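Visitor: Single-letter residue listing:
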Amino acid sequence: MRYLPLSNGDRAAMLEKIGVDSVDALFVDVPESARRSGTVDLPKFAGELEVEAQLNAFADQNISPAKVPFFVGAGAYRHHIPATVDHIIQRSEFLTSYTPYQPEIAQGTLQVLFEFQSQVARLTGMPVANASLYDGSTAAAEGVLMATRVTKRNKAVLSGGLHPHYRETVETLAHAVGIETEACAVAVDNEADVLQHIDANTACVVVQTPNVFGTATDVTEIAKAAQAAGALLIVVVTEVMSLGLLKSPGEMGADVVAVEGQSIGVPLSYGGPYVGLFAAKEKYLRQLPGRLCGETVDADGERGFVLTLSTREQHIRRDKATSNICTNSGLCALAFSIHMSLLGQTGLQRVAKINYAKAHAARDQLVTAGFEVVTPRFFNEFTVKLAKPAIAVVEALAIKNVLGGVPFARLQNEPGFENHLIVAVTETVSDADIATLVATLKEVAQ
Amino acid sequence: MTQDSPKMNSVGRPSAPEINVEATLFKSLLGGKGLLQSEKLIFEKDDYSRTGVDFADIAIDASDLEGLLRSDLSLPGLTEPEAMRHYVRLSQKNHAIDLALYPLGSCTMKHNPRLNEKMARVAGLGDIHPLQPVSTVQGALALMDTLSHWLKVLTGMPAVAITPKAGAHGELCGLLAIKAAHEAKGQGHRRTVLVPTSAHGTNPATAAFVGYTVEEVAQTADGRVDVADLASKLGPDVAAIMVTNPNTCGLFERDIVEIARLTHEAGAYFYCDGANFNAIVGRVRPGDLGVDAMHINLHKTFSTPHGGGGPGAGPVVLSEALAPFAPKPWVVSHDSGFDLVEHDEGVSAQNFGRMCAFHGQMGMFIRALTYMLSHGSDGLRQVAEDAVLNANYIKASLQDLMSVPFPEGPCMHEALFNDHWLEGTDVTTLDFAKAMIDEGFHPMTMYFPLVVHGAMLIEPTETESKDELDGFIAVLRALAQAAKAGDVARFKGAPYLAPAKRLDETRAARAPRLSYT
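Just so you know, the sequences run in chain order A and B.
Per our numbering, the first sequence runs over residues 1 to 446.
Per our numbering, the second sequence runs over residues 447 to 963.
I should point out that these hints are in silico values taken from the structure, not numbers from a laboratory.
Treat the hints with care, as some may be off.
Here are the in silico distance ranges between beta carbons for each label pair [as the list claims (entries may be wrong)]:
1. B:PRO604 - A:LEU49: 49 to 55 Å
2. B:LEU476 - A:GLU180: 57 to 63 Å
3. B:ARG707 - A:ARG36: 16 to 22 Å
When the alpha-carbon atoms are kept at most 20 Å apart in a straight line, the in silico SDA-like pairs for lysine to any residue are as follows [what the hints assert, rightly or not]:
4. A:LYS44 - B:HIS595
5. B:LYS912 - A:GLU443
6. B:LYS486 - A:ALA66
7. A:LYS353 - A:GLU443
8. A:LYS281 - B:THR643
9. B:LYS564 - A:ALA66
10. A:LYS320 - B:THR643
11. B:LYS598 - A:GLY38
12. A:LYS385 - A:GLU443
One-sided and incomplete, this derived list gives chain A residues near chain B with beta-carbon spacing under 10 Å [what the hints assert, rightly or not]:
13. ASP21
14. ALA25
15. ILE63
16. ILE89
17. GLN102
18. ALA131
19. GLN345
20. LEU366
If you're wondering where the values come from, they're calculated on a predicted model, not measured in any experiment.
For every residue, glycine included, the Cβ atom is placed at its ideal position computed from N, Cα and C.
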């Protein structure tokens, strides 16, 4: 067996050293009723060749986005990832190490985390960021919990442009811990509606920009009004690439920022693993969830990095911890950080502009072709209101080998939004792809 | 060297260097350590304008976004050669499984097969979008269904919720299912979760997170749950117990079937922390022990890489009683193929909600399934046996020098020592662990479980050869003898030969500096 180095001779010698006759004697504490003499009913050992064939058979039944015109977004985006990223994250020293509990032999991981936190802080325009959470949706939920700790209030208001999966994730966790939530009516362009639902018990309002329909919103006034009412403003960003072009949440006055970082460095991978970016104002430092990496010195006075403020965390504080998170998204944070370093401010701005330009070109061509685009201001994603239900339309497009977008109804059954199709256009889309989308959509949807 | 006033954190572990060791060895002129070069932060470059990607600098008319455009972006960029140097230099400051034994107890640092990595990157698996029409991802759904089948058969449980993103997220999922089940039975008033004193920190943290009151259950002198104490605390207010099995002392809970019976009798559910499932996979099915819910850390038992702290994956197997409450989405199969249930409408809507956006850690599912198919039912059974054999071999080879808190009987996949044997040496568990670094090994888990003084928890895993184990044992024996012989400086100043000396954690926490400014 290629992964098991012990030979039968080794096993016999080791059993002798232990002083038992057989390995069964090591499982003597297992209750008799639960001991199994044979193997469970599953296939036996297989070589690389066979396993590879089985996995490839799964892959063959899927349509790879690389093979077709591809416009699917709504919270996860196909972007080009430089080859360097995947090469570096597969280095043994990064791939096969763990949470840096021993900082003397984990300075590589720790410096990367410090740089990651610094990149996230600058990108979001916030003073502090943590070392990652699972994804954007769980980051949003952690943000809501943190807001209730900070304000000692018990209600969260969720905008009608918040991604429905995010809303459900927040609601699930919030309701389980006894936090009340109020969801605003689904709306393409009405993030400010959250202000109508603030009361004396409101801990936070959660808005998204660009929102699930692609609408970009200046939340500066929402921040002021929410804060004046004693509530925190949590800004959710599901397309981190947008921050190359759009004003940062920090500049607009956000208290907490929860971002899905997948677009930078992390492959689509059917929904995970991704990387949650979490940033906040400095005064909430000791209420942050998750790992934090901090600068210090070693015994020689040399600069070094350690995990810090761990008295917030489960392994020290147990039932008093700010979150139960342990393992987070380290390798995805590394991938994000490498890709972000390769882009730099120059590359990020350039690719962001290309996204903007392609998406607006697609919008213009669709409008010219007679389609109704309902998103007023956007980065790389907009919503088309079709003449018929969008779910059937994307199926018809798929038959013609075009992956044309995400029906809003896939995310939420909401009367009045059955015909809304969310279309994402990134730098990976060619002019020919856009032309194919427009032509095929005319064929199947008009 | 004495410990006059070592800075301690809340568990008694020193958190700042006690001495500044004078370096008497040869020093390089500029402070580097030979090929191990010091590496500046990317933010310390003078010129931020470079980039390692070649995108055209196009002009756009973004007048529709007036007032929404940013002007403050300041992020350093690296060309490809600069990036390779930066990250490869940093990587060399890390220890890794591929370099040597990484015996972190409870973390299961086993070899990560590279076939897993290859398959996770295949076109059609690694690059598909979670919201593609299900007709275009039938293979992905089939893969998730196959993974679920393996998990169910290996655990003897009827259902699995696969979306949780890590072990602690799985605990959350399990407890939310338990909470929903109680509420459905009109038992929502149950507010207490019983947790043994030896539990992982995530157990009480998760229970408290969802609003339960945590009550601790005592441990017996032989390192197991005190059944009498548990029985006395089980009552109409108890929602669940959370027990790790094999437990964090590396021992199988002999009374587990009785624990499950008592729990069910009291109307509570049995949550099992499956972090140590690797010790019994293929040999013992948790379903046969009376478990209602158990998360499985795919990054432990099924070898997906730890990646410097994630991503993990924590699917939760569920009993018949809890299965209806599993979170959405889930995969269903019918005659024409597979489908995803993503909404409450049209299903018997008892699900407790949603753990996260999309459908869980697909990248980890691919890797874990590759590992399962490679090992098969026979190989997985051998995994458990070799993991347990290796741990017992270490215990047998060291217990004449290092004290064992629970000497009776075999351990499971990890060997636990305490610091009783260090008494009078002036060497602490931390010192001993740091000295291991100078000998080329990652330290074991220290000061956990909390119920054992100065705990040293060693988990070798099944992927270590006897040669590697013998080398490790020789090092620990030599270090133990050095400690007993009074060679204190070897320990107090350790590590001497690592990329960094001991770091000042107290200073880092007192004036936190968390980003470059």
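Visitor: Out of the numbered hints, which ones does the structure contradict?
Guide: Violated: hints 1, 5, 6, 7, 8, 13, 20.
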